[in-house]
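Asker: With chain Y's structure known, arrange chain L on it following the hints.
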Amino acid sequence: MNRTLLGFIKKELVQTLRDPRMRVLLFVVPVIQLTLFGVAISTEVKNIRLAAVFDSRDTVLRDIYERSIAGRWFIPARGQEQDPYKLIESDKADAVLVPPPGGFTRALGRGHAPLQLLVNATNVLQAQSVEAYLQNIIQQTLRDDLKFTQPLPPIQFTTRVLFNPDLNTAVFMVPGTLCMIMIITTMVMANIAIVREKEMGTFEMLISAPVSRSEIIYGKTIPYVILGMSNFPLILAVAVFIFQVPMRGSLLVLFLAVFAFVCTAVALGTLISTYCKNQQQASLAGFLFIFPMIMFSGLMFPVENMPTAIQWIAYFDPLTHYMGLLRNIMLKGGGASYVMTHIAILALMAVVTVIASFRRFHTTLQ
Amino acid sequence: MNVFVWRRAAAISHKEVFHILRDPFTLATALALPVFMVIIFGIAIEFNVKNVALAVSDSDRTQSSRRLLDTFGSSGYFLLHSAASPEEAMSDVTEERARAALIIPPRFEMDLFAGRSAQAQILVDGSDNSTVGPVLGYVGTIQGIASQRIGNFTPPNIYELRTRFLFNPELNSRWFVIPGLTVVVMAILAILLTALTVAREWENGSMELLLSTPVQPLEIIIGKVAPYGVLGVIAVAFVYVIARTVFGVPFVGNLAVFGLGCLIFLLTYLAMGILISVVTRKQVVAMQVAMTVGMLPTQLLSGFIFPIESMPVFFQYLTMILPARWFMSIARDTFLKGSSFIELGGAFLALSLCCVLMIFLASRRFKRDLEP
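Just so you know, the protein sequences line up as chains Y and L, in that order.
Counting the first sequence from 1 gives a position; my numbering is that position plus 6.
Counting the second sequence from 1 gives a position; my numbering is that position plus 127.
So that you can see chain Y by itself, here it is in the shape it has in the complex:
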């Protein structure tokens, strides 16, 4: 590495880290965010407000209701209203159990017992879970209350959940949020580093200085790769030590994957910066790219569920590959061919974007 480039990198790092607020934003805030999201977010639907309409003789339904409340998914609804629809409409309950006329217990005695469940479906995810939870509880209650044992079906499945048997949300969320935090710090920083100079007019000075075009590009990108990489051990430590996310794969492979991703993100930021005139544009462009990247990455919605055409877009999202890699390496120990393929894809993306930004630079400079 030549001295000009070294000086350039040094200047860039000093300029970025000179502002103490920037140091906080780059090193402290990611840790806070990771902790916050790791603790707060749960994909399991809980605290569903349940109400049931029953009189004192309807012992089975009362038992179902009490068991639901005693479990971890439901809490009692607030309202005293009798009309089940109104309870939901006025947002006092999320779900209401309504027995057939005469009560659920008596209907069971007659041999045919329809039980109606009203669910507020404005939240689709919640509505889906409510039904499944209640089916379980009702079956169990009937088994215990009526001494009614269903004969076992002839085909039995033994199910095992691999890699995260307790379905601990943090194990799944933390690697995901880690990726999201990293894309914001790396891509935005790299993008703005160039746009800022353009807006201030110092870019002209840089061009007239005795540095080559590649030195400018490397000098403007390598510092942000360094920053992105130095950020990673810190958030990894939070993930592993605070959230007990397992680290089953090789640390070396993990760092290789992170490096490939950081390079891609920085290169992408640089490419975008060649299209932006000022920092306002750079910030909107950042949104234009980062928001879809996060949405397509598979953290909030599984990519497999998307229509095929849209899945193709997701394959062009570096974050999709990075998130897949991180989860695969950390939770599954890294499947050799999967890891190699996706690191290669990330590397290819990095190379293509670097070449593209070289070209763009060429035209911008003239």
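Warning: the hint list may mix true and false statements.
For lysine-lysine, the following DSBU-like pairs were computed, each having C-alpha atoms within a straight-line distance of at most 30 Å [what the hints assert, rightly or not]:
| id | chain 1 | residue 1 | chain 2 | residue 2 |
| --- | --- | --- | --- | --- |
| 1 | Y | Lys17 | L | Lys409 |
| 2 | L | Lys177 | Y | Lys204 |
| 3 | Y | Lys52 | L | Lys177 |
| 4 | Y | Lys283 | L | Lys142 |
| 5 | L | Lys142 | Y | Lys204 |
| 6 | L | Lys409 | Y | Lys283 |
To spell it out: a stretch of chain L is covered by chain Y in this simulated footprint if at least three of its residues, at any positions, have a beta carbon under 8 Å from a beta carbon of chain Y; those stretches are [as the list claims (entries may be wrong)]:
| id | segment |
| --- | --- |
| 7 | 151-161 |
| 8 | 167-181 |
| 9 | 245-252 |
| 10 | 287-297 |
| 11 | 305-316 |
| 12 | 459-469 |
Simulated from the structure, these hints should not be mistaken for laboratory data.
All residues carry an ideal CB built from backbone N, CA and C; glycine is no exception.
Answerer: Just chain L now, with coordinates in the frame of chain Y:
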């Protein structure tokens, strides 16, 4: 001297309008981006898990085991591919070629005919929480169907749970996602639109000029927020039309209630952007702060996908300072439930408080700058 003069605020607005018009990229982004995002993700997002890749290792190879595979295949939930051995099925999961594995042991049919329960093993990839729940549910359903088809077993049916899903009877993912998506997109956009405005003036030196005029901080803030507010409302109107026409999302509430909520919500986020700008005074820092505050918390903590009710109690209270959380419930309830203004009173009150607080803080911080 210290009174609020509309004319001066209007003058600032006038200037800001010119600034927006001069930069067609910003204008186009602000108007087109929300529509674009809603269309793309309205198509993309689907919560009903389908086509789960299932690796199958069948060591029994009998008519019964083939019928079991057939039941899985024809259910529509799974896409089957065969693996040579249980180990290979397992490695398919590790290599991300399968989300789940079905392992049928050699004695499957023999056990079934002998009247013992026939066992098969299902391994589910737990590294993606969002598919585990649905997959386990499907497995339960298929167990019932397979027992009936292969083992001629009909469970006695003494009760029946009839579920009625109110406000979204078919559990259409789009009806749920699009109003929420609008909230998230508009929040981030609004914060980014104004986050640089004041910092930019400080960096360019034009702030000194502005300060030498009799204009007051509140006038500057109102003047800067107003044009972007108009821009935001137009963008939401576009999104509303797309949601109704392209995606067929019903709107059963009062449009005026939704519109009012939208306006307060946009003002809150625009003012938050100004506050960031006033406090940081540097565009680089302002942008990083805006991205940090705007992007992840609104996506993850506003109740957009991850329900607030499921959070630990402390965090449920913490989300109350997030204006997007309040407009999220206003938007969803006006779209699907048709809640009235009174029913949403709490959310409106909270949202207005956030709005006033943001404008107040922004002008307070501004004042200190004026009188050093």
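Asker: Confirm or reject each hint.
Answerer: A quick look at each hint next to the structure:
1. Lys17/Y - Lys409/L: holds, 19 Å
2. Lys177/L - Lys204/Y: violated, 48 Å
3. Lys52/Y - Lys177/L: holds, 24 Å
4. Lys283/Y - Lys142/L: Given pair Lys283/Y, Lys142/L holds - Cα atoms ~20 Å apart, limit 30 Å.
5. Lys142/L - Lys204/Y: Distance of about 24 Å is within 30 Å: holds.
6. Lys409/L - Lys283/Y: At roughly 17 Å apart (the allowed maximum being 30 Å), Lys283/Y and Lys409/L satisfy the hint.
7. 151-161: holds (count 5)
8. 167-181: Coverage by chain Y holds here, the residue count being 13 at a Cβ distance below 8 Å.
9. 245-252: holds (count 8)
10. 287-297: Satisfied; 10 residues make the cut.
11. 305-316: holds (count 3)
12. 459-469: holds (count 5)
Violated hint for the displayed structure: number 2, the only one.
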